Amino acid sequence: MKKIKMTEEKSFFKQKRDFLRNYEPFSLLSNTLLKKIVSRIQIQHYGVGKTICERGQKGNCLFIIHAGSVAETLVDSSGEEITVAVLSKGDCFGAISILTDEPYLATKKAKEDVELFVIYNDDIQELFQKNPLLSMYLARVVSMRIKVFFDFFEKEKIKIVGVIEDKFEKERKLDVINRVTRLFQTSEDINKTLLSVVKAVNKEMQADACSIYLVDRVTQDLVLEAAVGFNDKVMKNVRMRLAEGEGVTGWVVKNGEPVALEDVHTDPRVKLITEIHEERLSSLLSLPLGEKNDVIGAINIQTVDKRKYTYDDIRGLTIMANHIALAISHARLKRRIQIAEGVSSRKVSDDPGFVGKGKYIDKINAFVDSMASINEPVLIRGEDGTGKIPMSKTIHYRSKRYKGPFIVIDCRDIDSESWGNELFGYEQSSQVISTDDSNGNDLHDNLSPRKSIETGNIATHLGYIELADSGTIFLDHIDKLNQANQIKLLNYLQDGKFNRVNGNGTIFSNARIISSVSEDIPSSIEEGKFDKSLYKILSKNHYQLKAIRDQKRSIPMLTKDFLEKISRELHKDVKNVSDNAMGRLMSYDWPGNVKELENVLRRAVILAKGDVITSEQIFFGIPMGEKKWSFDFLSFDVVQRFLKSKFYPSGLQLLSSILLVITLLMLFLGHKDGQLNFINTLFWSAGIFGMYLITFVSGRFLCGICPFAAAGDSVKRFKNFNLQIPKILVSYGKYITIGLIILVFWFEGVTAIQRSSTLTAYLIILILSGAVISGLIFERRVWCRYVCPLGGLFGVYSLASITSLKANRSVCLNQCETHDCYLGTQLTEGCPMYLHPYGLENGRDCVLCMNCYKNCGHSSIKVNLQVPGSDIGNMSNRSLSESLLCLSLLGILLVEHESLLSMDSQWFQSLYSFIGINQTVLYTLIFTFVSFLPSGSIIFLDYVCNGFSFHNVKTRITDFGYAAIPLALMGHLAFYWNKLKADFWTLIEITGVYHPVRAENEVLTADKIGVMSAIELLFILAGVSGSIYIFYLLSKKTKHLLTKSTIACYLSVFAAFAFAYICIL
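If you read the sequence shown in full-length UniProt numbering, its first letter stands for residue 1, the second for the next number, and so on.
Derived by calculation from the structure, the hints in this document are not laboratory data.
If you're wondering where the values come from, they're calculated on a predicted model, not measured in any experiment.
Among the clues, some could well be false.
[Claimed, not checked] Each computed EDC-like pair below joins lysine to aspartate or glutamate, with the alpha-carbon atoms no more than 20 Å apart:
1) K488 / D531
2) K565 / D611
3) K1036 / E841
Based on the sequences and whatever the hints tell you, model everything.
This is the structure we're talking about:
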């Protein structure tokens, strides 16, 4: 039954999606975005004549007509209900209110029984935040709806004015309305249009002065936007303000009724007039712009002579004022749509507030509250990620500007040669044309001979300060602005106006400026890089935010609050972090500060399976280091198809498992003398050489197709307790792996395992058993990640590999919401090594299973061909124990089988005869000595050159010990190449195909010119060069630790061991 219900739900979901695909703007959207929209849809039904929403009501839904039709209606001045438009199947409405936060422009009623798809505002805003393009598509719908309204009013004007009885007066007033309204359609700049309107009305009414006041939506003050006929002092004072209800104009706006004063000098109400006025002016007619409950301002008409206005005069001019108000509202609406499109990609979520508690947060909130109550600029100091954007956002949303846009601009992205195009906009003109100025100056005569030269084809690009009108603009890193932008910004902060680049008109904006800096501004002022006057204005209200590393005590509290916030957003119930996870959070330096902490916890919550975050789910952001040359193998289609196929890695694991079974059989059933056993000889020569070579070429690729791991994965299919990783392995797994690597090398030397087929088989079975037991008990590949000595050794050497898997961090941060690469999907499991590609800075732990590549839906994964050792140079988390292992590998090569000090060498036997102690004990002592020889030599030379400082020596070895990896790896390659060269003829001889000629028990080969030996030498020279190169990369990041003697210490040790390898070979 449940299955049938789910099938029906899926079918209905598909029907809704297919329906939307047939209509704009939804037909323009991607399939993924369309699915998200459909998932938020709710169904509503309305009967014939039922009201869906009323004009003036605040909108909170987007409606899409699924069936039936809807009528949009308005009521004219006579009270008659007029149908503006009829919307049918596929049309949507409510977008204007959602995009502009304005009430509905018209009443919507069901013309017939209608079924609506409804998406509520909260869901729409969430979709806008994650998919900014959606708002742009809806803006197209809004533009079409506005055109319908304009067309409607053009048709209906004659009806509205038709109530005036006098035919000539009717035609004259209709002509005035048409001309004034047309001004708003021919200009994109509302400031210029208002000036043209007051000029036109002043001329038509044969008045001496005319002015327009509009209500500031932020402060509710009346602002003088345009005026004509006053003296120069008044004209310069445009944008003067009146308090709410102040003066005659304030009374008109507050009450929504016109006021006509025949002689302001004799009228007692003249005492209320504080708006612009001159003694020479006598009469005043102040008309409200808009209906009684929706007044947006007032227009004042004044004359020198006393003038008495009749009822018909006032009624006709009120109609004109209403049309001016309507035109202004539509112009503003158009502007709001421009703003919605312009800031859609920069708008920040309207979820204000700081997380956390305590004195520090209380101080921040107190400062925010004080800044929210004023409209002055604010300067926030602090490092990136300390919360500068959240603080500015909180100030915005706690202020009266909360309905306006909030735009974040990183000034580092503004061109250093910019003249202000980005912040202040610009105008481009392509031709010069001759036009008359009848619209603005001569409403009586369309054929006026007066001409003016204007630019045609003007393309206006709005700047961010203009787009942020009535809102807030946050200028991050304002200290990076060039001088030209600084001066323009200073002028704007002083006057509230500016000019677009290449523009002549003055633009007003009521955008508040909040800025931030992360560097020392006073020093920039002294150097002449930052304007002192601008800094003085900005820094009047300032605050210093602390870096999180300076207040680590707050990390547990911040973590708790972030977990509550993020869990609520993601609908999960993650409440705590484990002790190990908290330890990692506390020990990290947080270069990205609070923002990085939030991002780390957000990923962890997504990855968490229960209500507790473990340390394996904590992935820090990795500094990318220097950009070095790399090439992505996944750019080839054939590689993509192969890695996404079922054969990889399963098919290769099957082949390697078959090879393992054959190897074990031949080791047990073949000759017991390892030197006469074909598979044993092949394994310890070509096999080991191939492993090291593949590691250099492709990192831990062999671990990805490893038969041991395949056996562990196979066991999971039959029985698995699926336990989480023990804390001891998380904390000490690295040391266990290092210990086992050393132990395997010691065991190999002390038992001469290469001579024994049985011991080789037992060693293989021992490692296989560990993988199988781990697969039975734990989830994923705990053995491979934390214990396996082979995997650990290949992991260290893979740091010098020419191949590395990386992820596009920008894509992971900004596009990915599911983290399927780590968690897995129904088709492919998540990362078996507990890794997130986002956090990978090297290939030490990645086994190139490519599960992340198969699961990633954003094409973030790359497999790069890179400069060998690049990963070491970019490492941000180096450890002393691993660095000591790298140095130890240099010495261990000296005691490997058939090497300089191996148990079967003449040097060892001579020493054994001289000392006379047990061979195993003697070998152990020698093994221990050579293991510590490289690090000991460096410590001794450092002491001789620089004097002893335990801290400095420890730090230098931790940082520079990794430089030994290329030499150790290439030394092993050279050694096993030499062994392969020697064992090749042994293998031929074992098969019986060919018996080589021997002279004094030595095989005579054809390598007369020493080609094979030259290859060995090239390996060693490549290793020395690689180590010097890595040392150089590491030294660039730790120059304070370097001296010439330190450099000599390390390079002399590398040279000494390279010389020793050449002697051995």
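Taking the hints in turn, this is what the structure says about them:
1. K488 / D531: Holds: K488 and D531 sit about 11 Å apart, inside 20 Å.
2. K565 / D611: 14 Å, holds
3. K1036 / E841: 18 Å, holds
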